[in-house]
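Chemist: Listed in order, the protein sequences are those of chains U and Z. Letter by letter, the first sequence follows residues 0 to 216 of numbering that gives the first Met the number 0. Letter by letter, the second sequence follows residues 0 to 588 of numbering that gives the first Met the number 0.
Keep in mind that the hints were calculated from the coordinates and are not lab data. Nothing here was measured: the structure is a model prediction, and the numbers come from that model. All residues carry an ideal CB built from backbone N, CA and C; glycine is no exception. Don't take each hint at face value.
Pair by pair, the computed Cβ-Cβ distance ranges are [as the list claims (entries may be wrong)]:
#, chain 1, residue 1, chain 2, residue 2, range
1, U, Tyr2, Z, Met168, 56 to 66 Å
2, U, Arg67, Z, Ala209, 19 to 29 Å
3, U, Glu165, Z, Lys271, 49 to 59 Å
This is what each chain is made of:
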Amino acid sequence: MGYGIKLRVWGDYACFTRPEMKAERVSYDVMTPSAARGILEAIHWKPALVWRVDRIHVLKPIKFDSIRRNEVASKISERNIKTAMNGGTIDLHQYASEDRQQRAALVLRDVDYVIEAHFDLTDKAGASDNSGKHCDIFTRRAKSGQCHMQPYLGCREFSANFDLLEGEVPQSVLTEKRDLGWMLWDIDFAHDMQPIFFRPMMINGVIDTRLVKEEET
Amino acid sequence: MILQALNEHYQRLLEDKESGIAPPGYSIVDISFVLVLSETGDFLDMFKVEQTELVPEHKKRQGINPPPYFLCDKILYSLGIGKNKMEGKKRFEQYRDYNQKLLVQAKCMEAKAVSCFLNSWNPEEWDNNAIILRHQDEFEKPANYNTVYKIDGHNGYIHDQEEIAAIWMEEQIEKEDDATVFGQCLVTGKYTDIARTHEVAIKGAGGQPAGTALVSFQIESFRSYGKTQSYNAPVSKKVAFAYGTALNYLIASKTNRVRLADTTMVFWADKKGGKTEETILSWCFDPVDTESEAKSDERRIDLGAARQAKTILERVKSGLSVGDATFDKDTRCYLLGLAPNAARLSVRFWQVSNFGDLLKKIAQHYKDMDIIGLERLGGIISPWRTLKALAVREDSKNIPPLLGGQFLKSILSGSMYPQTIYDAVLQRCRTGGEHNGVTIIRAAVIKAFLLRKYRIKNQFDKEVLITVSLNESNTNTAYRLGRLFSLLEKAQKDALGNEINATIRDRYFGAASATPGSVFPLLLRLSRHHIAKATYGNVLDRKIQDVMNGLDAFPAHLSMEDQGQFILGYYHQNQANYTKNQTNEEKKG
Chain U
0 MGYGIKLRVW
10 GDYACFTRPE
20 MKAERVSYDV
30 MTPSAARGIL
40 EAIHWKPALV
50 WRVDRIHVLK
60 PIKFDSIRRN
70 EVASKISERN
80 IKTAMNGGTI
90 DLHQYASEDR
100 QQRAALVLRD
110 VDYVIEAHFD
120 LTDKAGASDN
130 SGKHCDIFTR
140 RAKSGQCHMQ
150 PYLGCREFSA
160 NFDLLEGEVP
170 QSVLTEKRDL
180 GWMLWDIDFA
190 HDMQPIFFRP
200 MMINGVIDTR
210 LVKEEET
Chain Z
0 MILQALNEHY
10 QRLLEDKESG
20 IAPPGYSIVD
30 ISFVLVLSET
40 GDFLDMFKVE
50 QTELVPEHKK
60 RQGINPPPYF
70 LCDKILYSLG
80 IGKNKMEGKK
90 RFEQYRDYNQ
100 KLLVQAKCME
110 AKAVSCFLNS
120 WNPEEWDNNA
130 IILRHQDEFE
140 KPANYNTVYK
150 IDGHNGYIHD
160 QEEIAAIWME
170 EQIEKEDDAT
180 VFGQCLVTGK
190 YTDIARTHEV
200 AIKGAGGQPA
210 GTALVSFQIE
220 SFRSYGKTQS
230 YNAPVSKKVA
240 FAYGTALNYL
250 IASKTNRVRL
260 ADTTMVFWAD
270 KKGGKTEETI
280 LSWCFDPVDT
290 ESEAKSDERR
300 IDLGAARQAK
310 TILERVKSGL
320 SVGDATFDKD
330 TRCYLLGLAP
340 NAARLSVRFW
350 QVSNFGDLLK
360 KIAQHYKDMD
370 IIGLERLGGI
380 ISPWRTLKAL
390 AVREDSKNIP
400 PLLGGQFLKS
410 ILSGSMYPQT
420 IYDAVLQRCR
430 TGGEHNGVTI
440 IRAAVIKAFL
450 LRKYRIKNQF
460 DKEVLITVSL
470 NESNTNTAYR
480 LGRLFSLLEK
490 AQKDALGNEI
500 NATIRDRYFG
510 AASATPGSVF
520 PLLLRLSRHH
530 IAKATYGNVL
540 DRKIQDVMNG
550 LDAFPAHLSM
560 EDQGQFILGY
570 YHQNQANYTK
580 NQTNEEKKG
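Please construct the entire structure, taking both the sequences and the accompanying hints into account.
Modeler: If you want it as structure tokens, here you go:
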């Protein structure tokens, strides 16, 4: 792939919430491919392209920390937003102080990753879209720290620092081979938003996230 | 990861015939009454039992129309006994209809007998029934008693009867067929039917008595992508049952669970027959002196195993190898810390380690905690007792939430102890009155905290100064001040006897440990009078001079770290005073 990019992301906290432990959150051991995709999309994305995460490098040891924090119980309902969009008068606020919930979370501390990814053009790509152009846009934006929204490590409150990596990927401190168990790969938005899971192996801190063709189907 | 490990453990337990874990479709519940029926279904008698029994599955009951169970249920359902007769009748009818539906398929005498009994029983007349009246005073809270059936003159309970058990299994399979949602299970990765809710309630880890859930999505903000209930986290029905049953089994087990404040920790070995490892771990987390343990009926581990565990721990503590023929030090162990939050369980920590490393970490903790005087409390202080010593009024109810989990985690991972523990211990030491002051356990915690902090931060010069007993060559100002304070207190006691209303310890300890500059000049002036009056005043005076020689000035205030040093110095000197006294007395004798 000629247009592969490498992005280094790091932060003090991260929480890649396991779907089965969403109430009292527990994070996955490492970044999930969909979280990596989210970070890339925060820097540059258009309907004409789709990001494919190839590898995730885990540079620092995996450390967990248990914290307790305030969350809220409800979401702003979709119907209310639709009403508002159609010109109805409705209160769209969410009053966090009235909706408080204290919950414990088991989060990752002090994380540092390198995301290796490429993109493919979709059928929405027009005549003016070409790979070279989008690759340049991404590279330029990542270098100068531009983003559509602050990229984050699993949860919005754990914002990610990022930097384009142009040289070699630094050596990870992790040296073993580790079975990470079944992890969320991504959501299949085309088919009723079905979650897809995969079972990655982390070898010397590197996780290959290219999903092997499903054997069952 | 957690669910996966629990699921694997369930499969292992299922293969092990002696484990006594519930197979799919069954639950282990406490039963209270046995209803004795005749072969024709007449109600002959009932008697009270206190035991756990494997019965057709008791799923989580909630909502306004909770489902009845098969052949074993609470007396509100099985007999209609409750405060409200209307409700009792309604519940009994649901129970009767559900049971009849299944029992009709059986041809055996037992099924017919229960069927007849259910038909003839009038739930509204229970308080006129002679048999019930005889046992009425045994119901304290009617809702809580489970009943099972037995035929007079036959062995075993009815739900164990072969044909009936077969019908129950068939019912389970039929239920699986009407699953509608398929998806990828996040534990096994297979495409299979997904559980709508996880029906095994987790009991015994605190929270609601009816049980809590590890995986639940009852509030709007837990849900994503418009999914409802447990479809948010697709887990197959089989796995949902397996992990819940395994977790309940571990929590109920005697050797796989340790409680610490609000946290319940379960641990298990990742291999068949890992009982030895589990027992040793269990003892290490909750050591009880082998001598005194016969007295307490709460003792869970047999003497032999406890002795073995103690030997192993002592050996690891003194730096010898972990090896032993009875266990494998490479066994992988899982440790899961859980704490309740109303109807949910939250995971406080999750660790996977091999057994040998784990033992070393635990031994390191006890080694760090070692301090002179600790042998009087048995030498090894369990984490639970440690935390209790830090709580207000030494009441385990006052242990702050989160602390239990954090403390265990730092022991298991060998990392620094939580700062909150150190803050709490200083607080308790400073304040006077009952349950306060410098106790052995508190001094041990301060020592362990400082020692570990210096070790992790590579401050070797400071690390070597922290010793088990008095270190006269420690030149740290705060440590010296602590020692000085102890000597001044002794001077006062020697002069005025033990019956002083307010000693300098009661009055000045807090101030002396935080702002020595403002207190010590005053104390030294006071001590002149005490020394003059005390029996061995000049000996004491010389000691005070020795300690003072290492001091340049009284600092205006001490940092948190130095306050710990102060307390440590005070404690060490106190212990030294005490042993000296003993030798003096021996000389006299």
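Chemist: None of the hints should be skipped; say for each whether it holds.
Modeler: A quick look at each hint next to the structure:
Under the hint 56 to 66 Å, the C-beta atoms of Tyr2/U and Met168/Z, about 58 Å apart, fit the expected range. At about 25 Å, the CB distance of Arg67/U to Ala209/Z agrees with the hint of 19 to 29 Å. Here the CB-CB span from Glu165/U to Lys271/Z is close to 51 Å, well matched to the stated 49 to 59 Å.
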